[in-house]
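Engineer: Please model the complete structure; the sequences and the hints are all you need to start from.
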Amino acid sequence: MESVLRHALLLWHKEEAAVSKRVLSGVAVILFIVYCVWNIYWLAQRQFAPALFKAVTGLPAPTTGGTRALAKLCEGSLLESLRYNCMAVPFLLLLVASVVIVVSQLILGRRPRLPEWLWWLWIVVLAVAWLAKLIGDPAYW
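Under my numbering, the final residue of the sequence shown carries the number 141; numbering is consecutive throughout.
Mixed in with the good hints, there may be bad ones.
As the list claims (entries may be wrong) - Straight line, CA to CA, 25 Å or less: simulated SDA-like cross-link-like pairs of lysine to any residue: (1) 72 x 130; (2) 72 x 90; (3) 72 x 127; (4) 14 x 111; (5) 21 x 40; (6) 54 x 135; (7) 21 x 36; (8) 54 x 95; (9) 14 x 116.
In case anyone wonders, no lab produced these hints; they're calculated from the structure.
Structural biologist: Dropping the structure here:
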C-alpha cells in the first residue's frame, strides 16, 4: 500500500510540474508578443520604443541606460557612462560569457545550459544594477 501511495504522489508531482511548465511557457509567449507589439507600435511611428517596464511601472529596469552608457564609454566619457548605467560593462561581459558557453555546448552537441554559478552572477549583477539605478539620478533613467 505504501509503495502505491508513493507512486501516486510521484505521478502527481510530475503532472504538477508539467502543468507549471506549460503555464510558465504560455506566460512567456504572451509577454514576448506584448513586447513585440509594443516595439512595432513605436517603430511604426518612426520612434524608438520607450522602455516597456518603465512605461508600465514608472521604474527603470536594471539594464535601463545600458546602450547609452556603452556609447558614452566609447566616446571617452567615463563619468557620463557610469551615470547612465554603472553596470553596462559587467552586463556586456556576462552576455558574452553566456553566449560563448551556450554556443560551445551546441557545437559539442550538448544541451545548452548555463552553469549555476553564472545564473547567480547574473542575479547579483542585476540586483546591484537595479539598486544603483534606483539610488541614482532619475534624469539618467
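Engineer: Next, verify each hint and record whether it holds.
Structural biologist: Hint check results:
1. 72 x 130: holds (20 Å)
2. 72 x 90: Judged against 25 Å, a Cα distance of about 15 Å means the pair holds.
3. 72 x 127: Distance ~23 Å between residue 72 and residue 127 Cα, so the pair holds.
4. 14 x 111: The hint holds at about 21 Å.
5. 21 x 40: Violated, at roughly 28 Å.
6. 54 x 135: holds (16 Å)
7. 21 x 36: Distance of about 22 Å is within 25 Å: holds.
8. 54 x 95: holds (22 Å)
9. 14 x 116: It holds: about 23 Å lies between the C-alpha atoms, which stays within 25 Å.
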